[in-house]
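S.K.: Next come the chains, spelled out residue by residue.
2 protein chains.
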Amino acid sequence: MISTHGYRGRALDLITKYGIKVGDRIVVRNERSSFVGILMPRSELDDDAHIVLKLDDGYNLGVSIESLQIEKVPQEEVPPQPPKAPTSRPGLPRVSIISTGGTIASRVDYRTGAVSPALSAEDLYQSVPELGELAEIRTEILFSLLSENIVPENWTAMARSIERHIKEGAHGVVVTHGTDTMGYTAAALSFALRNLPVPVILVGSQRSSDRPSSDAYLNLKGAVLAAAKAPFAEVGVLMHSTSSDGELVIHRGTRVRKMHTSRRDAFVSINSSPLARVADGKIEMFGKYRERGGDLELKADFDEDVVLIKSFPGIPTDIFDPIIHRGFHGIVLEGTGLGHVPERIFPAIKRAIQSGIAVVMTSQCIYGRVNMNVYSTGRELLSLGVIPGGDMLPETALVKLMWVLAQTRDLEEVRRLFLTNVAGELSERSEYAEVWHP
Amino acid sequence: MISTHGYRGRALDLITKYGIKVGDRIVVRNERSSFVGILMPRSELDDDAHIVLKLDDGYNLGVSIESLQIEKVPQEEVPPQPPKAPTSRPGLPRVSIISTGGTIASRVDYRTGAVSPALSAEDLYQSVPELGELAEIRTEILFSLLSENIVPENWTAMARSIERHIKEGAHGVVVTHGTDTMGYTAAALSFALRNLPVPVILVGSQRSSDRPSSDAYLNLKGAVLAAAKAPFAEVGVLMHSTSSDGELVIHRGTRVRKMHTSRRDAFVSINSSPLARVADGKIEMFGKYRERGGDLELKADFDEDVVLIKSFPGIPTDIFDPIIHRGFHGIVLEGTGLGHVPERIFPAIKRAIQSGIAVVMTSQCIYGRVNMNVYSTGRELLSLGVIPGGDMLPETALVKLMWVLAQTRDLEEVRRLFLTNVAGELSERSEYAEVWHP
Chain A
0 MISTHGYRGR ALDLITKYGI KVGDRIVVRN ERSSFVGILM PRSELDDDAH IVLKLDDGYN
60 LGVSIESLQI EKVPQEEVPP QPPKAPTSRP GLPRVSIIST GGTIASRVDY RTGAVSPALS
120 AEDLYQSVPE LGELAEIRTE ILFSLLSENI VPENWTAMAR SIERHIKEGA HGVVVTHGTD
180 TMGYTAAALS FALRNLPVPV ILVGSQRSSD RPSSDAYLNL KGAVLAAAKA PFAEVGVLMH
240 STSSDGELVI HRGTRVRKMH TSRRDAFVSI NSSPLARVAD GKIEMFGKYR ERGGDLELKA
300 DFDEDVVLIK SFPGIPTDIF DPIIHRGFHG IVLEGTGLGH VPERIFPAIK RAIQSGIAVV
360 MTSQCIYGRV NMNVYSTGRE LLSLGVIPGG DMLPETALVK LMWVLAQTRD LEEVRRLFLT
420 NVAGELSERS EYAEVWHP
Chain B
0 MISTHGYRGR ALDLITKYGI KVGDRIVVRN ERSSFVGILM PRSELDDDAH IVLKLDDGYN
60 LGVSIESLQI EKVPQEEVPP QPPKAPTSRP GLPRVSIIST GGTIASRVDY RTGAVSPALS
120 AEDLYQSVPE LGELAEIRTE ILFSLLSENI VPENWTAMAR SIERHIKEGA HGVVVTHGTD
180 TMGYTAAALS FALRNLPVPV ILVGSQRSSD RPSSDAYLNL KGAVLAAAKA PFAEVGVLMH
240 STSSDGELVI HRGTRVRKMH TSRRDAFVSI NSSPLARVAD GKIEMFGKYR ERGGDLELKA
300 DFDEDVVLIK SFPGIPTDIF DPIIHRGFHG IVLEGTGLGH VPERIFPAIK RAIQSGIAVV
360 MTSQCIYGRV NMNVYSTGRE LLSLGVIPGG DMLPETALVK LMWVLAQTRD LEEVRRLFLT
420 NVAGELSERS EYAEVWHP
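Note that the protein sequences, when read in sequence, are chains A and B. Note that numbering that gives the first Met the number 0 numbers the first sequence so that position 165 is 164, with each residue one more than the last. Note that numbering that gives the first Met the number 0 numbers the second sequence so that position 279 is 278, with each residue one more than the last.
Source of the hints: derived by calculation from the structure; they are not laboratory data. Among the hints, erroneous ones may be present.
Where chains are identical, the list cannot tell them apart; a pair therefore holds if satisfied intra-copy or between any two copies.
Distance condition first, Cα-Cα at most 20 Å in a straight line; then the derived SDA-like pairs of lysine to any residue [unchecked claim]:
{"no.": "1", "residue 1": "K298", "residue 2": "R378"}
{"no.": "2", "residue 1": "K16", "residue 2": "G326"}
{"no.": "3", "residue 1": "K287", "residue 2": "A232"}
{"no.": "4", "residue 1": "K228", "residue 2": "A347"}
{"no.": "5", "residue 1": "K71", "residue 2": "R289"}
{"no.": "6", "residue 1": "K228", "residue 2": "F285"}
{"no.": "7", "residue 1": "K20", "residue 2": "S375"}
{"no.": "8", "residue 1": "K287", "residue 2": "I318"}
{"no.": "9", "residue 1": "K349", "residue 2": "L381"}
{"no.": "10", "residue 1": "K71", "residue 2": "E167"}
{"no.": "11", "residue 1": "K220", "residue 2": "I344"}
{"no.": "12", "residue 1": "K20", "residue 2": "N148"}
{"no.": "13", "residue 1": "K349", "residue 2": "H49"}
{"no.": "14", "residue 1": "K349", "residue 2": "L217"}
{"no.": "15", "residue 1": "K220", "residue 2": "S243"}
{"no.": "16", "residue 1": "K166", "residue 2": "R415"}
{"no.": "17", "residue 1": "K20", "residue 2": "P128"}
{"no.": "18", "residue 1": "K298", "residue 2": "L416"}
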């Protein structure tokens, strides 16, 4: 799959026939028209009826392969272009954009022909010229990962990169990220970046930028604006707040969840209001937030020996045995309702805790909070030593337990740290904040 | 815990001191007043400052234990009460109420003193006299289970009990159920009851009925009304549609999910509009539905050797090994986004499928649908033989795979059955229906 850069079926047959590869400058012709441009990789693999060209004016064009003739423009005929210096006004705040991959960064790999996505400052200024009016931008291509492949050690690397950029004077940092696990990464950075002095904005897009309906540009512009000018110094996730263009919202990193597979407004604040709204070039804050300032302190280690287990009717009684035998350090349960699992698995939970594994309870209801004092099931689990996750998201609880276990394996200390609010992830009384509705 | 019927701490000390047990008829006195009634079990275990009495007028009373003196009324002094015949108008539709346990049934066990909850027709008429105007009610106490303890074989027993009641002439069936896993049971009954001729309404309550804010009575009344008079013959879940009293909604059994730990309107239709609304004693239908009529056909077996695994960053690569070794038959993955899991675990998925395990992909986003043709991750998973779950809820997909695997272990036939819409659980294009917002 890698070698065809996303092309398949008839489109792949066509470019193979003409001996064309991604990154080549080509002329395409059909009965009606002809275009010159660079053949771009495809990120959408369900279409073998088009190829995508990057035209000289910077726009991407999907061209139907029907009756299409292709000719390669020899490399020596391409006039060598002087590298475009980033053109930004002097005196603007400095924003670093750290690219980790995902759909939002998928449009720019036409330069190298590599399918791994990338963003360079020049690409950005070219495709979103307004960025130059918002900030002086520095970029770093840290990874080119589909976010489903991101692992906890990538969070550590992101935190270290962010630290470097802040030490070098960034007034704010943008992290471009695939949307699949952006919520997990946002929680991880929220815990890792203690005493954060500037905003750190994670941003993704739900539609790849070679589609007309892409949310990539608007999200990126909003993220740079927020990084440059927002008054808060927290980790936020910026995405569309509605399915239409133009409404952007920033969610607190520990309270955000991807709640729809495809909509542009898929990210939702759970048990909390969002941090801020971005509209008409302005940032409107909601509720309390941490202000800019302070000296960043990195606590960026995560214990990967933690698993998330969702409870369900018929869950096997011996589900924890391999986890105990393998010597895992933590288990986050996604129980039902107020924080319950079947009584049949209590002995397994007991064995896990007795063998030194920290066990945390959250709820698969997602909204609300576990309350293990109401029914006997919850009380018995508490008496076994299960740590209640309050109103923390299961995903945030998983990341937090990984973070806590990297600091201590002492179960009492794990409990104390886990039950301490670190980055807005836990509250005594949850707000009944507005919830996403399509 | 069982033997104290929910009493603990100071309240337990008090009744122990007086030698009183749940079910005893007692006189209680403090400085200001005295009451006669039957000591009821407690379902709320976070309160040791009150005992609960069932007074002769049918109301429950919480009495502070402060300065409380208790005296047992000897059993022989209780005037023998003639069994109250259900008083319902002649000619009403017959509705069966099958009790499985949970909060909704927790109030009536004062008669036996057993902590296991129960509902009898007499109890019902006594506490909700309006039921007699809606239907001629028959009751069956099938289980007294907290719903977190319900297992697939309980679904089979429920389906058989429902079949019995329908064969005996029920115009509709109500199943009272704990809310924790009511969504799973609703899906299971939706698949098990083929060619269903009457409505089957699952109903629960989020607040136990010895609390003034209980939703139990209103939900039960609505459920009996729907069972007696609704035009649809499907499995539905009836609960509050808002946090205030009086608005009830019926969700389709395969499309409903508990989305809040404690709110009365916790149940939400996902990727679908609800089946119906109940207001002012009337049932308003939404969209298409199966009409009453037909001959019930039971397909009530479920293969319990199926597990649900939620993907997360850092998920161990060998997570499937114990499942393969133990000879499980099915795995439902809760992937990220459009239906992805880390590439690192592809070999494990491949091993699972090669050993004859059916592997289904759903999305932890909950809303939306998996689409595994968009990105290379999804396409590669499809090529390994993973079955895409469409817009099915992960919980519904789990239940459906258990149901399909009880019919066949042939992977091609499993795929065919799984991808066939059986009970409204799967659609080609999802509606963007209204979604719950607190």
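S.K.: Taking the earlier hints as the rules, which of them does this structure contradict?
M.R.: Hints 1, 2, 4, 5, 8, 10, 11, 12, 13, 14, 16, 17 not satisfied by this model.
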